[in-house]
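Position in the sequence shown (first residue = 1) + 4 = my numbering.
A couple of the hints might just be wrong.
What the hints assert, rightly or not - With a straight-line Cα cutoff of 16 Å, these simulated EDC-like cross-link-like pairs (lysine to aspartate or glutamate) come out:
1) Lys54 to Glu625
2) Lys393 to Glu377
3) Lys208 to Asp235
4) Lys175 to Asp113
5) Lys175 to Asp235
6) Lys151 to Asp88
7) Lys176 to Asp113
8) Lys399 to Glu377
9) Lys114 to Asp52
10) Lys575 to Glu625
11) Lys53 to Asp149
12) Lys175 to Asp88
13) Lys335 to Asp235
14) Lys53 to Asp424
15) Lys114 to Asp174
16) Lys463 to Asp533
17) Lys386 to Glu350
18) Lys399 to Asp359
19) Lys91 to Asp52
20) Lys86 to Asp70
21) Lys53 to Asp113
22) Lys94 to Asp52
23) Lys463 to Glu525
24) Lys86 to Asp149
25) Lys335 to Asp273
26) Lys176 to Asp235
27) Lys114 to Asp235
28) Lys54 to Asp113
29) Lys151 to Asp52
30) Lys463 to Asp534
31) Lys94 to Asp149
32) Lys53 to Glu339
33) Lys53 to Asp90
To be verified - Using C-beta positions, here's what the derived DEER-type ranges look like:
34) Ile401 to Thr261: 27 to 35 Å
35) Asp534 to Tyr299: 40 to 48 Å
36) Gly362 to Gly276: 28 to 36 Å
Since the hints were derived computationally from the structure, they do not count as laboratory data. Where is the CB? At the ideal position from N, CA and C, for every residue including glycine.
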Amino acid sequence: MNLIKFYTSILIICIGYMNQTFAQIQTYSWITSGGSISFDAANGIACDKKTNAFVVGSFVETFKWDSFLMVSRGLQDVYYGKFDNDKNVKWMNQFGGTGDDVGNDITIDKSGNLFMVGYFSDTVKAGVSNLISRGAEDAFVIKADNKGKILWGASGGGTGFDEARAVTTDKKGNVYISGVFFGTAYFGNTVLVSQGDTDIFFAKYSPQGSLLWVEAFGGKGIQTMQGIKYDSIGNCVYAGGYFQNTIHFGSFTLTCTDGKADDYLVKFDTRGNTIWAYQFASPAFDDAEGVAVDYNGDPYLVGYVTAPFTFRGVTVSVFGSLDPFLAKISKNGGERWVRVVGSKGEDVDRGAVADLFGNIYWIGGFEGTATFETDKFTSAGKRDVFVCKYDTTGKYITTFPAGGTSHDRGRGVDVVPNGDVFICGRFTQSTTFGSMTLRADGFYDPYVAKIGYCNPPFKVTATAPGSVCQGSALQLNAVPVPFVNASYKWSGPNNFSSSTQSPIIPNITTDAEGTYTVLAESGGCFANDDTTVNVINCREAEAEVSTDFIVSVSPNPNNGNFLINLQIPFKSNNIQIRLSDILGRTVFQKNYFETNSIVQEIQLNNIVSNVVFAEIRAGSEIKIIKIITH
5 MNLIKFYTSI
15 LIICIGYMNQ
25 TFAQIQTYSW
35 ITSGGSISFD
45 AANGIACDKK
55 TNAFVVGSFV
65 ETFKWDSFLM
75 VSRGLQDVYY
85 GKFDNDKNVK
95 WMNQFGGTGD
105 DVGNDITIDK
115 SGNLFMVGYF
125 SDTVKAGVSN
135 LISRGAEDAF
145 VIKADNKGKI
155 LWGASGGGTG
165 FDEARAVTTD
175 KKGNVYISGV
185 FFGTAYFGNT
195 VLVSQGDTDI
205 FFAKYSPQGS
215 LLWVEAFGGK
225 GIQTMQGIKY
235 DSIGNCVYAG
245 GYFQNTIHFG
255 SFTLTCTDGK
265 ADDYLVKFDT
275 RGNTIWAYQF
285 ASPAFDDAEG
295 VAVDYNGDPY
305 LVGYVTAPFT
315 FRGVTVSVFG
325 SLDPFLAKIS
335 KNGGERWVRV
345 VGSKGEDVDR
355 GAVADLFGNI
365 YWIGGFEGTA
375 TFETDKFTSA
385 GKRDVFVCKY
395 DTTGKYITTF
405 PAGGTSHDRG
415 RGVDVVPNGD
425 VFICGRFTQS
435 TTFGSMTLRA
445 DGFYDPYVAK
455 IGYCNPPFKV
465 TATAPGSVCQ
475 GSALQLNAVP
485 VPFVNASYKW
495 SGPNNFSSST
505 QSPIIPNITT
515 DAEGTYTVLA
525 ESGGCFANDD
535 TTVNVINCRE
545 AEAEVSTDFI
555 VSVSPNPNNG
565 NFLINLQIPF
575 KSNNIQIRLS
585 DILGRTVFQK
595 NYFETNSIVQ
605 EIQLNNIVSN
615 VVFAEIRAGS
625 EIKIIKIITH
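Using the sequences and the hints, build the whole thing.
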């Protein structure tokens, strides 16, 4: 019985934590960018368990990100870097040769090692060895440690254009890569020959860099494998892309329904054997761009469609000429649900990722006015970035739009265990994420942005003395809980405004009486509070004599030690004595109950002010006395 109660308590705590997490507000917390005067991009992003983000991309000429400066050795070089949870660049490295080198994707194994894939030309130094291309461009995979040191590199390709586009790792540290090749390609001692324009390669390497196997899939026309993702629950790999004409995955044959292009999702075991193959098709051109796997082991396929299609026997409408889709498929290959967003223009997507709380984040771009379930957003320029959030049942939660006056792209998305989301991409001219705006140094600049939670307790408390004397100074104060590097904006009567945490209004007048509001911001999260101030003519208050309310202070003036004597003809339920200095700061406060006579000794040993004000409240009556200390 005790064990049952114990486990029930754990369940309640966990459910309470998850519900609390879902109730929190997400927003863009920060964005950072680098770049050169030319074309640069951030193409892939991966996060570790310590909430760091690792990014891979490409740059041209002289490239700078924060204090890190690099110069390309050829047409384009690969850069990769580490960002902490507060957007600080911890390190930034590069590799490349005299030709064209691009990093497309990145992932992290359980030990924190990095794996990057892309393409290169000519000769590239990878750790202690050189990679030499056989033709125009060859595919590469490179392993680096958590500090960016390259441990090994491997390549594959032939005389044509060959490119690695996606990478994933399993729980043993093996790495899987996918991409395309044209003509004849060499991977170790294995020779692959394409059947059409471009075919697919799918390869596995050991943690030490040995090629364990490589498979080719193809047919006439263009075939791609854009996304792959390892599933630790099923110990399998899901892969997605598009194909033309006919393609064979093991014993499974898929035939394009319209002669243009259809999408597919394939489940492989860790030896490269096909378990099942699923076909996603509309009567026009389709393109699958990414794959995700949720905590239950169910896969998701993302891409875009150009015409209405049928899913689970139901016709799904589209909005324009290109619309992004997110489809959930069961681990057995059955259709679960699909969602389509978009505008009348051309909208695309790039990838998706699942978090530990049952949410799917889906990144892409839109132009014009786009519909995201119950939300509509209009792009600021030619194309803006979107990050959509759904739960695993297909319920829409929210969308995070971002962008500027020109062309912005969302390329990579990943999530850390606490639910923070990191994205990367590129922008031109200027771009705005939340309240933050960046300007590009060149034609295209890369960016990294974080969508974070405004974690509770998230609040700010505005404080001020309830009553102040006319002609004295009023001090306002904002108490944040919690805030790091917070900014403040105060507003109040008589057009008052201030950007300091604790502003002081000198020589206050009666028109400053009223409500003061503070808005606090930190990391894209906001909180506000207000406080009301009464301005009193203390000289008139001193002269007031009430037969029902007799107060005396002796001695006055004094050295900070004095007595307050209060007499009223009836017992009061609540009497308060409050002393404040000329800045309105409380130096003494005490409440008394069920009494009509008070003699209170006061000792103000460390008082800086030469004047304090005693505010005595008894029922509805208030009396303020000016006390001179020296």
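Now for the hints, and whether the structure bears them out:
Proximity of Lys54 to Glu625 is assessed by CA-CA distance (about 58 Å); at most 16 Å being required, the pair is judged violated. Of the pairs offered as hints, the one joining Lys393 and Glu377 holds, with about 11 Å between alpha carbons and a cut-off of 16 Å not exceeded. The suggested pairing of Lys208 with Asp235 holds, with an alpha-carbon distance near 15 Å, which does not exceed 16 Å. Annotation: proposed proximity of Lys175 to Asp113 holds, straight-line Cα distance about 7 Å (limit 16 Å).
Between Lys175 and Asp235 the CA atoms are separated by roughly 9 Å; this keeps the pair inside 16 Å, and the hint holds. Simply put, Lys151 and Asp88 have alpha-carbon atoms about 13 Å apart, close enough for the 16 Å limit, and the pair holds. Restraint check for Lys176 and Asp113: satisfied, since their Cα atoms lie roughly 8 Å apart, inside the 16 Å limit. The straight-line distance between the Cα atoms of Lys399 and Glu377 is roughly 10 Å, inside the 16 Å bound, and the hint therefore holds.
Taking the CA atoms of Lys114 and Asp52, the gap is about 8 Å. The hint holds against a cut of 16 Å. For the hint linking Lys575 to Glu625, the alpha-carbon distance of about 14 Å falls within 16 Å, and the restraint holds. Restraint check for Lys53 and Asp149: the C-alpha separation of about 15 Å stays at or below 16 Å, so the hint holds. For the hint pairing Lys175 with Asp88, the CA-to-CA distance comes to about 24 Å; that exceeds 16 Å, so the pair is violated.
Between the alpha carbons of Lys335 and Asp235 the distance comes to roughly 10 Å, so the proposed pair stays at or under 16 Å and holds. For the hint pairing Lys53 with Asp424, the CA-to-CA distance comes to about 11 Å; that is within 16 Å, so the pair holds. Proximity of Lys114 to Asp174 is assessed by CA-CA distance (about 9 Å); at most 16 Å being required, the pair is judged to hold. As the CA atoms of Lys463 and Asp533 are separated by approximately 8 Å, the hinted pair is consistent with the 16 Å bound.
Restraint check for Lys386 and Glu350: the C-alpha separation of about 10 Å stays at or below 16 Å, so the hint holds. Straight-line distance between C-alpha atoms of Lys399 and Asp359 comes to about 15 Å, which keeps the hinted pair within the 16 Å bound. For the proposed pair Lys91 and Asp52, the alpha carbon gap of about 14 Å is at most 16 Å, so the pair holds. Distance check on the hinted pair: Lys86 and Asp70 sit about 12 Å apart at the alpha-carbon level, within 16 Å; holds.
As the CA atoms of Lys53 and Asp113 are separated by approximately 10 Å, the hinted pair is consistent with the 16 Å bound. Between Lys94 and Asp52 the alpha-carbon distance is near 14 Å, which keeps this suggested pair within the 16 Å criterion. Among the hinted pairs, Lys463 with Glu525 is consistent with the structure: their alpha-carbon atoms are about 10 Å apart, no more than 16 Å. For the given pair, Lys86 sits about 11 Å from Asp149 by alpha-carbon distance, which is consistent with the 16 Å threshold.
Distance restraint check for Lys335 and Asp273: the Cα-Cα separation of roughly 12 Å lies within the 16 Å cut-off, and the hinted pair is therefore satisfied. With a C-alpha separation of about 12 Å, the suggested pairing of Lys176 with Asp235 holds against the 16 Å cut-off. Under the criterion of a C-alpha separation no larger than 16 Å, the hint pairing Lys114 with Asp235 is consistent with the structure, at around 13 Å. Under the criterion of a C-alpha separation no larger than 16 Å, the hint pairing Lys54 with Asp113 is consistent with the structure, at around 13 Å.
Under the criterion of a C-alpha separation no larger than 16 Å, the hint pairing Lys151 with Asp52 is consistent with the structure, at around 13 Å. Distance check on the hinted pair: Lys463 and Asp534 sit about 12 Å apart at the alpha-carbon level, within 16 Å; holds. In summary, the hint linking Lys94 to Asp149 is supported, as the alpha carbons are separated by about 14 Å, within the 16 Å threshold. Among the hinted pairs, Lys53 with Glu339 is inconsistent with the structure: their alpha-carbon atoms are about 32 Å apart, more than 16 Å.
Distance check on the hinted pair: Lys53 and Asp90 sit about 15 Å apart at the alpha-carbon level, within 16 Å; holds. Ile401 and Thr261 have their C-beta atoms about 33 Å apart, which keeps the hinted 27 to 35 Å range intact. Checked against the hint of 40 to 48 Å, the C-beta distance between Asp534 and Tyr299 comes to roughly 42 Å, which is consistent with it. A hinted range of 28 to 36 Å for the beta carbons of Gly362 and Gly276 is consistent with their spacing of about 31 Å.
Checked against the numbered hints given earlier, this structure breaks hints 1, 12, 32; the rest are met.
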